[in-house]
Amino acid sequence: MLSSCLMKQTCSSIIFRNFHISYQCLEIQKLTRLRVVDNSEIGKQAMAEGRPPRCIHVYNKTGVGRIGDKVLVAIKGEKKKAILVGLKQNQKPNVPKFDSNNIVLIEDDGSPLGTRIHVPIPTILRTILKEKTQTKGADYTKLLSIASRFV
Amino acid sequence: MLPVLTRNSITNVCKGLRRFSSALPKSDTEVSKLKTEKLKREILEFRHAYPEFLPDPKIEFRNKIREKLERNDMVARRTQVDIPEFYVGSILAVTSSDRHSGGKSNRFVGICIYRGGCGLRAEFILRNVIDHQGIEVLYQMYDPSLQKVEVLRLEKRLDDKLYYLRDALPEYSTFDPNMEAELMPEGAPVPVNPIKVKLKPRPWLERWERQNLQGVQDLELPEKFYIKAAQVATPWEKYDLMKEYMRTIPVEEQTEIFSEVQSKLQSLEIDRKKLKRKRVIVKPTKLA
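Chains as they are written, first to last, in the working numbering: chain A, 1 to 151; chain B, 1001 to 1288.
If you're looking for bench data, these hints aren't it; they were derived computationally from the structure. Any given hint might turn out to be false.
Straight line, CA to CA, 30 Å or less: simulated DSSO-like cross-link-like pairs of lysine-lysine [stated by the list, open to error]:
#, chain 1, residue 1, chain 2, residue 2
1, B, Lys-1104, A, Lys-70
2, B, Lys-1068, A, Lys-92
3, B, Lys-1161, A, Lys-92
4, A, Lys-92, B, Lys-1148
5, B, Lys-1196, A, Lys-30
6, A, Lys-81, A, Lys-92
7, A, Lys-76, B, Lys-1200
8, B, Lys-1104, A, Lys-132
9, A, Lys-142, B, Lys-1104
10, A, Lys-130, B, Lys-1161
Computed, partial: chain A to chain B, Cβ under 8 Å [said to hold, decoys possible]:
#, residue
11, Cys-25
12, Pro-52
13, Glu-107
14, Phe-150
For glycine and all other residues, C-beta sits at the position ideal for the given N, C-alpha and C.
Required output: the full structure, derived from the provided sequences and hints.
Take a look at the structure:
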């Protein structure tokens, strides 16, 4: 009886080996699913269909999207540019972390496709987007004026 | 056992005082002994309200001189900003100066789901659902940009960390940002909220069935998940004396640490109580 019990235990310890698995980084990279949070027609349709857009490129040198970065997304068979306005990933102190990866779709010149953002936007985006905006280049600060609430 | 003994000895002392006034010197020493004992117990109570004053549970991160210097800095910071007593599960409102926002200050209300870190690196996470969007903010407790920390509802939950609220239904972490602070009677014990949270169906961020959570409703998982959880559980760890020794700070060291800062912390607490009383008096005039 005892030996059979022991056998069972040893067998189970061999079969169920525990691998150490680290917590996921929740990084935004190519093929990450994102959530459109503005009221643009294409974004609303894509989210309602249950086919949220995918990131197909991150416009920075690391290839990992951080807050305020520009990404290229595949949405309803089209390629659109978007700004990351809220991330699941752990953030620095005082910077909010969201439960979903939020984007706002923009045109090539930086003006948003929608007219309203229906979730809160981190205030740090004010500084980040102002820094990214250059004279004669795309103006990303228009996105801030359509935000409904800041946190 | 100990409190009963001391209570008996207190009554004995009182009787002695009443009956024989000539037996004063002996009872005097007893009284002073009792006083010191009481003070020791009070000092030990600090470990619940001020856990960040204790050294790091990781033994290799401890450094006595640095900790002492940090404690001085922490008390100095507390004289500038009122950081009240709070626990995981309390609802806080934090006002911090924010160079990114127009008003230059930012107020965030949420439930504290984590409190940790030692010394000046102590931190806590607030969580709230605003416009159907779950938001979490990590604050450092001794960050000079913190302007005000208010406790809107002082209570505890059944667990040490409430990370499972991320996978729970949103109504469990939704709090009104215009919430008023709830007044508590002075000296009352901190209430424990026995609420059981309902989680969303899988996939989850973590394997909650393996964490022995108290504040969660039945997870409704197939049997194999619980079998696996039982296999990877380490129920013997609570008997591991060495681990406990490494993780905890002995009573003697705790009393030493807290007796250093006790007088300053107590004077700060008295100031806070005075302010509270003022607020209580002001309130009815506002309503009338």
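Consistency of the hints with the structure:
{"no.": "1", "hint": "Lys-1104(B) x Lys-70(A)", "in the structure": "holds (26 Å)"}
{"no.": "2", "hint": "Lys-1068(B) x Lys-92(A)", "in the structure": "holds (27 Å)"}
{"no.": "3", "hint": "Lys-1161(B) x Lys-92(A)", "in the structure": "holds (20 Å)"}
{"no.": "4", "hint": "Lys-92(A) x Lys-1148(B)", "in the structure": "holds (20 Å)"}
{"no.": "5", "hint": "Lys-1196(B) x Lys-30(A)", "in the structure": "violated (38 Å)"}
{"no.": "6", "hint": "Lys-81(A) x Lys-92(A)", "in the structure": "holds (26 Å)"}
{"no.": "7", "hint": "Lys-76(A) x Lys-1200(B)", "in the structure": "holds (28 Å)"}
{"no.": "8", "hint": "Lys-1104(B) x Lys-132(A)", "in the structure": "holds (21 Å)"}
{"no.": "9", "hint": "Lys-142(A) x Lys-1104(B)", "in the structure": "holds (21 Å)"}
{"no.": "10", "hint": "Lys-130(A) x Lys-1161(B)", "in the structure": "violated (37 Å)"}
{"no.": "11", "hint": "Cys-25", "in the structure": "violated (12 Å)"}
{"no.": "12", "hint": "Pro-52", "in the structure": "violated (15 Å)"}
{"no.": "13", "hint": "Glu-107", "in the structure": "violated (25 Å)"}
{"no.": "14", "hint": "Phe-150", "in the structure": "holds (6 Å)"}
In summary, the structure is inconsistent with hints 5, 10, 11, 12, 13 from the numbered list given earlier, while agreeing with the others.
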